[in-house]
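4 protein chains.
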Amino acid sequence: MGVIRLGYVHLRVTDLEEARRHYEDILGLKVVHEEFGKLYLKAWDEWDHHHLVLEEGGTGLSKFGFKVTGPESLEKFEKSIAAFGCTVNRMSKGENYAVGEGLRTELPSGHVMELYYEIEYVGTEVGTLNPHPRPKELRGIGAPALDHMLLSAERPDILERFFTECMDFRVSERVVSELGENGELIGTWMFVTHKTHDIAFIQGKDKMFHHMGYKLMDWSAIRHAGEILGMNDVSVGFGPDIHGLSRGQTIYFFDPAGNRNEVFAGGYEAFRDWPTITWTADQLLRAVGHIGREMKENHFTVLT
Amino acid sequence: MGVIRLGYVHLRVTDLEEARRHYEDILGLKVVHEEFGKLYLKAWDEWDHHHLVLEEGGTGLSKFGFKVTGPESLEKFEKSIAAFGCTVNRMSKGENYAVGEGLRTELPSGHVMELYYEIEYVGTEVGTLNPHPRPKELRGIGAPALDHMLLSAERPDILERFFTECMDFRVSERVVSELGENGELIGTWMFVTHKTHDIAFIQGKDKMFHHMGYKLMDWSAIRHAGEILGMNDVSVGFGPDIHGLSRGQTIYFFDPAGNRNEVFAGGYEAFRDWPTITWTADQLLRAVGHIGREMKENHFTVLT
Amino acid sequence: MGVIRLGYVHLRVTDLEEARRHYEDILGLKVVHEEFGKLYLKAWDEWDHHHLVLEEGGTGLSKFGFKVTGPESLEKFEKSIAAFGCTVNRMSKGENYAVGEGLRTELPSGHVMELYYEIEYVGTEVGTLNPHPRPKELRGIGAPALDHMLLSAERPDILERFFTECMDFRVSERVVSELGENGELIGTWMFVTHKTHDIAFIQGKDKMFHHMGYKLMDWSAIRHAGEILGMNDVSVGFGPDIHGLSRGQTIYFFDPAGNRNEVFAGGYEAFRDWPTITWTADQLLRAVGHIGREMKENHFTVLT
Amino acid sequence: MGVIRLGYVHLRVTDLEEARRHYEDILGLKVVHEEFGKLYLKAWDEWDHHHLVLEEGGTGLSKFGFKVTGPESLEKFEKSIAAFGCTVNRMSKGENYAVGEGLRTELPSGHVMELYYEIEYVGTEVGTLNPHPRPKELRGIGAPALDHMLLSAERPDILERFFTECMDFRVSERVVSELGENGELIGTWMFVTHKTHDIAFIQGKDKMFHHMGYKLMDWSAIRHAGEILGMNDVSVGFGPDIHGLSRGQTIYFFDPAGNRNEVFAGGYEAFRDWPTITWTADQLLRAVGHIGREMKENHFTVLT
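Chains as they are written, first to last, in this note's numbering: chain A, -11 to 292; chain B, -11 to 292; chain C, -11 to 292; chain D, -11 to 292.
Wrong hints could be hidden among the right ones.
One copy or any two copies: either way a pair holds, since identical chains are not told apart in the list.
List of simulated lysine to any residue pairs, SDA-like, C-alpha gap at most 20 angstroms [unchecked claim]: (1) K284 to S223; (2) K81 to D261; (3) K18 to E125; (4) K124 to E12; (5) K64 to G(-10); (6) K124 to N220; (7) K284 to L272; (8) K284 to G225; (9) K284 to E257; (10) K124 to D13; (11) K64 to V76; (12) K64 to M(-11); (13) K51 to G246; (14) K124 to Q271; (15) K64 to D261; (16) K18 to K124; (17) K284 to L273; (18) K124 to R8; (19) K124 to S223.
Since the hints were derived computationally from the structure, they do not count as laboratory data.
Every value quoted in this text rests on a predicted model; they were computed, and no experiment measured them.
Kindly produce the complete structure, drawing on both the sequences and the hints.
And the structure:
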């Protein structure tokens, strides 16, 4: 009982056709459904109908959803969220294309989060009978699946409480301004699967989106992604490098609307019985880039 | 509530000093405790006291343990195992060095399995404050952590029932003799974390051990492991290759007593809402080695 | 003045259309010219018109050519080859499609070798102005270029003398039956560029072909090649593994006619002032496969 | 006859013991000889006595040497250099420790270059009989060998003429301010082996040193180097990234004196019959970093 994984992200883009080219040609996703002003996309190694809905108009996060195990999870989370003091509403099957009934809430950071347990089944591109290890044909980066999301919040500490108290997440890593009682929480990385993080929050404006991350196989896939990005003149924000925080191997880049994407490989397998790792703000550059330790100002300031 | 991970393996070895050299110099584990006839070892990225106990005398699996969340998990599994018809006994704190109270049961395959929720905390070699992505010094292969185990059983189907019904595991992949009603279960790969498998059973003699797998970072770490194995004249059973089943990148090799080890990288992240993948026996070579599709007879016959 | 590189290989194949599919879809070469019973192919990172001519009928090597610097090299080699006691003839421009005038000789092993200094210029797929690091689209393995060739000869020692005395090659590595005076030469690896080998001979029947090797970027490209081979059911002879001899990372596989191909990465940069490395026959398995040290009987016996 | 390779670099460092730690612990070189104020170092895969001499006092390049084939090369280059209008002097055996007789000249850029054909033979760490593919123990990055050097010159065009006309180098790639007659040469990359470059010059102050590059096996070795650099707080200038120019995979970093080092992998094999690749200045960021396309100001301005 509980959250299964980050299921979908609804992202606003200024131009739907430009966005389509980016997510199809560069990231290698497939459009599985279209409706007026919206594109629904999935990655090759995902079973569910979609993980990304591009919505024309503006930039940034429209809303996102976690898939949960079933109606009993909805009931549990309905209570825990209400007890935390957030408004939570039922949503009906069909309010989201291909998605069943669920809950909708506004996080303390103003982000809209949905919980659902049913979504149309499409299947991966390699199938369930004597499958190949990957599809014969891949486009661009060929990202297999959505991995995680980083948002900003004025009070990351409240989001940390929300996700650990209401949603049964654990904190894998945290950045604090300093050790000790005066230390302020600058960022928190949380998991409910065994990823190093399923969702994370850094200090910044409420309601804003930092990036969503796609999981690649390894460091050679990160280079391959870099080749694709370079050949297509995609704007790169940071990387390739190794994160100190999470140990992930990474490149950040921007979609044509300016929303940040990440390709991510490696990172350890997190377990619920492990202690939280702490980073102090003076080591922030190392937490972000173990090798380069320098980044564009915009890594911390550009949010959508 | 439930199983956290494969916690420890007690392995019999014919010569303790030879085994020490193998697991320390080749795999890069560290001896954390010694007592008469036994060595306790951990890997650098593990928090718990040990994951391997080498016991002098013979070969093969002596017993193994899954770490569970707490006493409430013990109670739950005590009932579910008894209900399945297996004998289950309480074990006391200290019966296993550094390990707390728990349960002990004999699987339908005759293997001895323990469940426990406490083990002495040692910590990883990189720590919890502004950690490096890996230790400065690594020995041999430098395996970060134990990953999974493959055992043999006369009736894999019963073991599959045991782990899914009593222990809340899911089946990621199966090999069947043929599709349809006459198909017999030849092997079953099961997970309780998000690994492609935490434990697996293939058809063979009861009580026997096929291999335990260590998780490496990626395909380049597999090559690095291969360099170490070759330079130290370690007997290699199979690989490097890509498993069709699990997509893991792999080398199998033998410790001086003849127990099989595996180094394993990649593999997908498994989720509980996914369908099981099926392999038919005619594709078995592809399931084991996507590239080479040929293996030494001994891959299926040598068990300890 | 001298040999520039292994320029082209004419290979006999039993079925031209099957061979086209193999070399185009699997290796990723491009057909640049066709004529009755022949296909001419090049790889994406080669400047010259072709490096492979597939000739319908039979299997094995029809002939091969080294590109040399100019007419003065032809004159020099004409003399050195004649002095060695081999017959050498002039060949005219146009005897080979797109290739200029040259020499043709029969090696002491019976293989037909040509030397030429002109071949039509086509250019790589990335061009000469602000090029991308690779083409945007690659097919199959996407082999960038031909690398080397291994042939068999009853007397490798004579071939070693031929290439070092007449053609200015150096010996990078050798396999001998034993050290000392009674040692017989079992194989010789020779270079004229800075490759670990441009051509090599192992003991076996005269006139026979062991394999031609394509150079890939690295070990991750070897895995990528293995994925392609596996997904297309290409028969793999050996690998992935690391050669002890040459340190190359390798997979051997067969075209539909049974001619052996290799994908090869790594290997050191050879220099003419370096001593020759010697392998003794008792270490032959390690010379071929540093990790696996076992190979199918056919690796030594199947020649075309 | 001609140049074999870049043989040695004499580099000035402000503190010899700090430099020793950097080149031994970080790059993994070995000190083979010490004398007052000087350390001589070699890498594990080099046969010659040393490739690096650290000289206490100041920063930047003291001088460098190319190994040539023999006395006949000295005679030839003595004439060609004099004909170019540069002063060239004989140097005696022993003027450089372990190095035989040679020539010394001052390049048009003011850099001191030596040519020699004898240097004490030490051998690689894997030897010449049934060698392992690498040493069992490597320190830090474990760089196998020196690869190339980049210097600055007020007139790169003159250096290009010098190396092509006097020394038989070829130009693999060039950067020009613009195409056409008004285009000024901003940088030139030249080879005499089959590397993408053995030496290169960019526009800047005369006599200055940009970096020397070490060749690593591949992109995974670049990451491994990055891990070492980060764990040891070495100042990184740029990377990891892929050069558009040369296709090399790279990280630039600084020794404690501020001299720039590079680790470099990949890059194509250059041949003398190939056309030169041209980059225009507007694509300079892409030439340096195909992925990131942005770099610290200091990449172009910091020279020693």
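Exercise. From the Cα coordinates, with 20 angstroms as the cut-off, is the pair K64 and D261 best called within, between, both, or neither?
Worked result: Answer is between: at 19 angstroms across copies they meet the 20 angstroms cutoff, but 23 angstroms inside does not.
Problem set entry | Intra/inter-copy verdict for K18 and K124 if alpha-carbon distance must be at most 20 angstroms | Intra 15 angstroms, inter 19 angstroms, cutoff 20 angstroms: intra and inter.
Exercise. Quick one: K124 to S223, C-alpha cut-off 20 angstroms, is that within a copy, between copies, both, or neither?
Worked result: Cα proximity of K124 and S223: across copies only (17 angstroms, versus 28 angstroms in one copy).
Problem set entry | Intra/inter-copy verdict for K124 and D13 if alpha-carbon distance must be at most 20 angstroms | both (16 angstroms within a copy, 11 angstroms between copies)
For this session: At 20 angstroms max between alpha carbons, let me know whether K124 reaches N220 within a copy, between copies, both or neither.
Result: between (22 angstroms within a copy, 9 angstroms between copies)
Problem set entry | Alpha-carbon proximity context of K81 and D261, limit 20 angstroms | Between copies, since 19 angstroms is at most 20 angstroms while 36 angstroms is not.
Exercise. What label fits K284 with L273 when the C-alpha limit is 20 angstroms: within, between, both, or neither?
Worked result: both (11 angstroms within a copy, 15 angstroms between copies)
Exercise. Within a copy, between copies, both or neither: where do K284 and L272 come within 20 angstroms Cα-Cα?
Worked result: both (13 angstroms within a copy, 19 angstroms between copies)
Exercise. Is it within, between, both, or neither for K64 and V76, if the alpha carbons may be no more than 20 angstroms apart?
Worked result: Within. Shortest intra-copy distance 12 angstroms satisfies the 20 angstroms Cα cut-off; inter-copy 33 angstroms does not.
Exercise. Which holds for K284 with G225 at a C-alpha limit of 20 angstroms: within a copy, between copies, both or neither?
Worked result: Classified as both; 7 angstroms inside a copy, 14 angstroms across copies.
Exercise. Between copies, within a copy, both or neither: which fits K124 and R8 at Cα up to 20 angstroms?
Worked result: between (22 angstroms within a copy, 19 angstroms between copies)
Exercise. Is it within, between, both or neither when you check K51 against G246 at 20 angstroms Cα-Cα?
Worked result: The answer is within: 17 angstroms in one copy meets 20 angstroms, while 49 angstroms across copies does not.
This entry does not satisfy hint 9, going by the numbered hints stated previously; all others are met.
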